[in-house]
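Residue numbers (the working numbering), protein chains in the order written: chain A, 9 to 433; chain B, -9 to 308.
Honestly, I wouldn't trust all of these hints.
Claimed, not checked - Stretches of chain A that chain B covers, calculated by requiring three or more beta carbons in the stretch to come under 8 Å of a beta carbon on chain B:
no.: 1; stretch: 194 to 204
no.: 2; stretch: 208 to 220
no.: 3; stretch: 321 to 330
The hints are simulated quantities; they were obtained by calculation from the structure and are not laboratory data. Glycine included, C-beta positions come from ideal geometry on N, C-alpha and C.
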Amino acid sequence: MSLRITNARLIDPASGRDAMGDVLIEKGRIAALDGDARAARAERTLDAAGRVVAPGLVDLAARLREPGEEYKATLESEMDAAVAGGVTSLACPPDTDPPLDEPGLVDMLRRRARALARARLYPIGALTVKLQGETLTEMGELSESGCVAFSQANVPLQDTQMLWRALQYAGSFGFAVWLRPAEPWLSRGGVAHDGEVATRLGLPGIPSFAETIAICTILEIVRATGTRVHLCRLSSEAGVAMVRAAKREGLPVSCDVGVHHLHLCDIDIGYFDSLCRLDPPLRAQRDREALSAGVADGTIDCVCSDHTPVDEDAKHQPFSEAAPGATGLELLLPLMLRWGAMRKRPLAQTLARISCDPARILGVRSGRIEIGAPGDLVMFDPEGSVRLTPDALKSQGKNTPFLGYELPGQVHATIVAGKVVYERE
Amino acid sequence: MQRNPQLNRNGELQHLLSIDGLPREVIERVLATADSFIGVTEREVKKVPLLRGKSVFNLFFEPSTRTRTTFEIAAKRLSADVINLNIAVSSQSKGESLLDTVANLSAMQADIFVVRHGSAGAPYLIARHVKPHEHVINAGDGRHAHPTQGLLDLYTLRHYKKDFTQLTVAIVGDVLHSRVARSLIHGLTTLGTPEVRVIGPQTLMPAGVEALGVHVYRDMREGLRDCDAVVMLRLQNERMRGALLPSAQEFFKHYGLTADKLAAAKPDVIVMHPGPMNRGVEIDSSVADGPHSVILPQVTFGIAVRMAVMSMVAGVSA
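Kindly produce the complete structure, drawing on both the sequences and the hints.
Given below as structure tokens:
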């Protein structure tokens, strides 16, 4: 099977290339570019005139709700959403029911995903059994069954000795640990950033130092163990500053931010809009600016969707009782394009944060357009805008604060391993 | 951001959800309308037919006797039919969702929902889902707002002190958990009160409270200096001992209102309290029952203010 794409504005963020060209995929991998691709024979040719062709997006956090929470979403619906959003590789956190703490579960999940033949799935294994923070999981076994890193998802590890041991153990085998920095006692009961908006609305707050204290603890243990840690979903200005200093020091840390946090802040909660209840909470305007600057200067390595489909009833609740999270797989590209346009960044640099940069953290060769790389591509119209409606979303979760918005970036086709897995009618 | 959900397209009161965001004219109209109902409450036949044939549903998701009773009296004096629902012990405990409960009651032809709920914003959620002819009055939601209490506090202040633009008002105690404090602060700042103070330890102050337009005092005597009015807040039992405060006794020592501390205020200072009071915790009996106290008149004014709000949202006030 071979596929050729012609007349494309071909962008490879890893090399900075942004020029017209052709690409040929054979046996699932990129086989030729430009003149060579034009000269080769292919079974199918896609004409990409007027469109951008870039590496398929790599998303470090997408909840697919399987196993155990199929009433919120299914692997099928969310994989459809992924490819409709141009996402060709995604990592799923272990907070399923039961959590991904046994090789059998991971194996089954990967097999189901492979059978669906849409985006590539990279499971993140649970760091502790049932995410309870008491017993280490069999990381070696989990790694063999396909886990690419280990994490507590949004469930904080309260016991710092356990955290120390977990990092020591994971580091012994070269596994990376992904941690959401949130000090559990300070986060307890809070539903919004502890600031003026929460005070005005009478919502229990989570102070920014719930994040920085956790980062401080994690960094000290990284200093002691040398284990590679990826910090998930930064939310505060002070948190970004700490990661910047840690990187300057040479610590093996990386971090990401959820794409909603680049656009929204606590003011957007307005009159208790439960769609803006996120975890971590939307913080103040200056935090949003610092996160945005952190993504621009590379302190924040990449941006993820933090895709969290929630059923409608769970959002039709008073703010404090509503389930946190937003649907994101189909918003990652549009919201990143919007962010890039606001900051006047070249398209290649914007796309890097959702392709080659997260691929580097996953340790995979996706996210770039070069000979031999996986044949995962997205074709989109950077000018054409889409009006976001519940019907337009393939995800079972319709929970997004951006409903009704006109957003840039209409995806026309998504290709995984040389197969067209999504094509806009 | 959504449109202010309390006002209809003509800028009139559709629901009363919070004093935050209410225009000054609307607040002044409530106070003026309440004036006209004070007469009614003093008559022998304490009824006017403004809400005859209308149904007022008291929806209390949190237990309350006092507030529910004053709403009930206010509705009855307007000749409405009143239905009291103590949801804390009924459908919600059977797992029915908030919006299902409201949809069911709406099918029983409600005109006004008076809602108290433990979660901030619950009345907003209800207001977004009721029919256009149905009105929601917030009777207290979490820590967020208790607008009719705030309005009756404003009414009381206006009754005794006349001009808001000359006042210094101190609010004392547990501001962090207090919807009463938030509502009063918004009301006072909207009406142009130049000096609003909050007094209490840092454990009982919400983050960035200064942004609401108040000055924070830790020392009570300093905070009470030259005040025209002192509003004491109720301290909940479960907060008297724990991470927020070591003991009720120590709280009383620093922040309990005694005649001695009150001497720092102006000679004609008035003392208010939303009730129910904890004597010996936030207020000394000699002050609660003393010449400066207007705590009982507050209750009387509260009925007239709630009559005013109900008639205004129903669009039947003169």
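Right, here's what the structure says about each hint:
By the rule of at least three residues with a Cβ nearer than 8 Å to a Cβ of chain B, the coverage given for the stretch 194 to 204 of chain A holds, with 3 such residues. Only residues whose beta carbon comes within less than 8 Å of a beta carbon in chain B count, and the stretch 208 to 220 of chain A has 7; three or more means the coverage holds. Only when three residues or more bring their CB closer than 8 Å to a CB of chain B does the claim for the stretch 321 to 330 of chain A stand; here the count is 7, and the claim holds.
In this structure, none of the earlier numbered hints is contradicted; all agree with it.
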